[in-house]
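Visitor: Each chain, written out:
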Amino acid sequence: METTLQEKAAPAFPRLGQPAPAFEAQTTQGTLRLEDFKGSWLILFSHPADFTPVCTTEFVAFAQLAPEFKKRGVELCGLSIDSTYSHIAWIRNIEEKFGVKIPFPVIADLNKEVATLYGMIMPGESKTETSRCVFVIDPNGVLRAMIYYPLTTGRNMQEILRLIDALQTTDKYGVATPANWKPGDKVIVPPPATYEAAQERMKAGFETKDWYFSLKAL
Amino acid sequence: MPCIESSGQMTEMAVQILAAMTEGAGLDQVAEKTNLPLYRVRSAARELAEAGLVESSNEIFVLTADGRAALAKARGHA
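First to last, the protein sequences are chains A and B. All residue numbers for the first sequence refer to our numbering, where the first residue is 978 and numbers rise by one. All residue numbers for the second sequence refer to our numbering, where the first residue is 7 and numbers rise by one.
A portion of the hints provided could be inaccurate.
Below, simulated BS3-like cross-link-like pairs (lysine-lysine); rule was C-alpha separation at most 27 Å, straight line [unchecked claim]:
| id | chain 1 | residue 1 | chain 2 | residue 2 |
| --- | --- | --- | --- | --- |
| 1 | B | K39 | A | K1047 |
| 2 | A | K1048 | B | K39 |
| 3 | B | K39 | A | K1015 |
Okay, the calculated beta carbon distance ranges per label pair [to be verified]:
| id | chain 1 | residue 1 | chain 2 | residue 2 | range |
| --- | --- | --- | --- | --- | --- |
| 4 | B | N41 | A | G1101 | 43 to 53 Å |
| 5 | B | N41 | A | T1171 | 45 to 55 Å |
| 6 | B | E61 | A | G1050 | 47 to 57 Å |
| 7 | A | R1139 | B | E61 | 39 to 49 Å |
| 8 | A | Q995 | B | E61 | 30 to 40 Å |
| 9 | A | N1070 | B | E29 | 39 to 49 Å |
| 10 | A | L1087 | B | G14 | 44 to 54 Å |
It should be emphasised that the hints constitute simulated quantities derived from the structure, not laboratory data. Note that the coordinates shown come from a computational prediction; the quantities given were computed from them, not determined experimentally. Note that the Cβ used here is the ideal one computed from N, Cα and C, for glycine as well.
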């Protein structure tokens, strides 16, 4: 009995490079399943609560950048432990007070099912609210990146957009991206995995500092 | 429900989706015809199928007799 209770209490935590946990949830756009987003990139993000100031700035920022995400084949989906009625009232309020329409669905995770699957609740911050989490899921349903921010600190949507650009560049060209990379910057050529390849790398024509460190322009 | 109101009336989105399926269509085609995101079309198709208004075979969706009647009613035909 004690083991079962412990198992129920233990939050799950998704892993990068593995299929994102499947879910079905009530949202402001009806019942949605994770599989509904297959074929698109998906940014699943959580906020602590509706009708709170930092969250409102984040929703406005996401909505304003939504066209840029759309251009890149990315869908957005929000989540908090609030009801659909609260979500609807809040997004209507944002439209009225801030003049910004929220185009993406928002999951009403009242039973904390999705929040628990994705490890969105940080008891050290709050046992009843999700922290500011971002999960980037690719068109095959694989979790590619996660960002966790505290309740106090609004996220930077330009960084999330940059992250999408970096992941899509990696997928398209088979390269890695260095610190602070932005589109147009040189990318990292994956390091050689054998001695022979390392020898060849020095002659390959990239901008090579050493056998393990090569940059190239796309 | 995004397709069928609690009153039983179909939403505009549902009418658009049913109309796009009148001659049979895959969900990608429905998304293109209606200009709706694919995730919304998938969710709506599931709801419409549960309501008995559409059915699918080999990923092609067609209207059932109830679906054709519902579409005609929504468009104001007898």
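Visitor: Please list, smallest to largest, the hint numbers that this structure does not respect.
Guide: Of the numbered hints given earlier, those the structure breaks are 6 and 10, listed in rising order.
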